[in-house]
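Given chain A's structure and the hints, the job is docking chain B onto it.
One letter stands for each residue in the lines below.
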Amino acid sequence: MANVAVCVLGSLGYDRAAQGAAGAGRALAESVGGELHALVIGPAEDNAVAALASVADRVVVGANEALRDYQPEQALQAAEQLHAAGGGDYVAVLLSNDTYSQEIAPRLAHRLGGSSMADAAAIRMDGDHLLAQRTAYGGKAISIYRLKKQPAVVWLRARGFEPAPEQPSAGEVTPVDLALDAPRIRITGREVAEQEGVRLEDAQIIVSGGRGLGGPEPFQELKKLADSIGAEQGASRAACDAGWVPPNWQVGQTGKKVAPELYIAIAISGASQHLLGMGDSKVVAAINTDADAPIFKHCSFGIVEDYKAVVPLLTEKLQAIAR
Amino acid sequence: MRVLVCLKQILDPDVPARDFQIDPDARAARRGGANLVTNIFCENAVETALQFREAAGGDVKITALCYGESSAEDCLRKAMAMTVDEACLVERDGNTNPDAAAVGRVLAAAIRRLEQDGGAFDAVLVGRESGDWGVGQTGGVLAEELGRPALGFVESLQPGNGSVTLRRQTDVGIEVAEAEPPFLVTITNNEDNVPRIPKTRDVMMSYRKPLQKLSLADLELDSEEIRAGSSIFEVEEIFIPADEVECELAEGDTLEERVDQLATRIHEVVASIG
Chain A
1 MANVAVCVLG
11 SLGYDRAAQG
21 AAGAGRALAE
31 SVGGELHALV
41 IGPAEDNAVA
51 ALASVADRVV
61 VGANEALRDY
71 QPEQALQAAE
81 QLHAAGGGDY
91 VAVLLSNDTY
101 SQEIAPRLAH
111 RLGGSSMADA
121 AAIRMDGDHL
131 LAQRTAYGGK
141 AISIYRLKKQ
151 PAVVWLRARG
161 FEPAPEQPSA
171 GEVTPVDLAL
181 DAPRIRITGR
191 EVAEQEGVRL
201 EDAQIIVSGG
211 RGLGGPEPFQ
221 ELKKLADSIG
231 AEQGASRAAC
241 DAGWVPPNWQ
251 VGQTGKKVAP
261 ELYIAIAISG
271 ASQHLLGMGD
281 SKVVAAINTD
291 ADAPIFKHCS
301 FGIVEDYKAV
311 VPLLTEKLQA
321 IAR
Chain B
324 MRVLVCLKQI
334 LDPDVPARDF
344 QIDPDARAAR
354 RGGANLVTNI
364 FCENAVETAL
374 QFREAAGGDV
384 KITALCYGES
394 SAEDCLRKAM
404 AMTVDEACLV
414 ERDGNTNPDA
424 AAVGRVLAAA
434 IRRLEQDGGA
444 FDAVLVGRES
454 GDWGVGQTGG
464 VLAEELGRPA
474 LGFVESLQPG
484 NGSVTLRRQT
494 DVGIEVAEAE
504 PPFLVTITNN
514 EDNVPRIPKT
524 RDVMMSYRKP
534 LQKLSLADLE
544 LDSEEIRAGS
554 SIFEVEEIFI
564 PADEVECELA
574 EGDTLEERVD
584 QLATRIHEVV
594 ASIG
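Keeping their order, the protein sequence lines are chains A and B.
Following our numbering, the numbering of the first sequence begins with 1 at its first residue and continues without gaps.
Following our numbering, the numbering of the second sequence begins with 324 at its first residue and continues without gaps.
Source of the hints: derived by calculation from the structure; they are not laboratory data.
Values in this document were obtained by computation on a predicted structure and should not be read as measured data.
Not one of these hints is a red herring.
Cut-off 25 angstroms, straight-line C-alpha distance, at most; resulting in silico cross-link-like pairs (DMTMM-like, lysine to aspartate or glutamate):
no.	chain 1	residue 1	chain 2	residue 2
1	A	K317	B	E574
2	A	K148	B	E557
3	A	K317	B	D583
4	A	K148	B	D416
5	A	K224	B	D583
6	A	K223	A	D202
7	A	K308	B	E580
8	A	K149	B	E548
9	A	K297	B	D576
10	A	K256	B	D335
11	B	K384	B	E503
If we strip away everything but chain A, and leave its shape as in the complex, we get (with noise of 0.2 angstroms):
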């Protein structure tokens, strides 16, 4: 028998890439004709863990206390012992690509005798082996991995993945209680940067300014705009680097990696690290006063024209359609 895990921070609750993260592991599941596990590092909120066990055959939660604040020494020895906890038998656990993920993923590979990878759009098996493809060289190339050895590791980018179904019955929920080590790296504060409105990665609309507005007054322009429709505001590397808005504005490479429904580029050309963080928008729009700027080729819709002359415009009407 041969199951697929997916592993979420029980702080973190059944968010849009723990469904994502569960909706890949489901179908990864099905092709192989095994169940899908939920590890769960951490006690949960219980509606989440509800919900976890609507979506897989089983979950099982490291429900110690300790775990509840995450320390990363913690959490690694917390996955390990869950993936035994739940039998063991996994081609594959996916997790999610927060940043706690992002760092436990390559260290449980190695725990586990497996492979690891990063950052996955898709995923599939081939025999034995599992296939992740991803971005490479900054976004200009797609490659395809191939994993050799079981588990699988994987974070994945896990918004782009539709959220598992719900299943006929609810999966079996296991609490386990986990032996950890006191940890040689103790995180020991926490300071949450300020943040008006919902994260730049759960957002369903964004609005996005670069280089080309010259300084940071103009998205105050793009603030009225963005407000028009419900939208957070992004940035290129360009604009955050400048210093004219905070870096955690940032999308792209080394930014956030954002999967809007809506993603509007306003005078930004669409460099491959930026195209990198905004390619799981659904829909993409762009104004800009180059017609062969890279984000021509990346966007549904346009219009080649100066921002200045646009915005202003562009935000009276959507105010006067929203009235």
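Using the frame of chain A, we list chain B on its own:
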């Protein structure tokens, strides 16, 4: 204290997309006219180590380590020009694109050798990912090979009382951690660890600093697995994505008409979200 920084030499990631080509036989990018450079996150790691030494008041020796082709000597010389104290190159023999397992095993063996000779490294710094393949697995694999605790996405190290204070970036903000040496961190970039430009005098001095060269045989590593470089994963296929979407540009005689079209399209999508 002793600090080790791992470096990777890569194809310049700023090559424009129009000049970027794939070599189908090698299943990798064709070099073409591109330069070889030190991976940016590795240079951020060098800068972070130098700032740690400055904050600690100087009693920190920094070593740079690279597993690469002979051309990677340039990366190590540049690190020493940035005032890293010494360097070690493990010369690559065989696969030009070794997987994270192979790199992790080689780096771990080299680190143990360097520690035999000069004492334990309190901190090992690795870039969070490379600008070529960007798989970002080396730091985690190396931590496991060495059996040391690790933290990812670190932007600074500050000397503490018997421990080291780490600041790192997460999805939701900053985390502060206390680490007891020895430990490993992967380094990300922020506005404070932009790599310094070496001074002319330091560039000249870098040629007087020790650069040790080791082979896989010196490290008693010559298994076929490391030579083949793909025990856990390998590139099956690589291609340049086609420009898939046809952009529909707003048309019309006046700006008003064109913006009207744009507003309508945007509204359609927004309304469909509900």
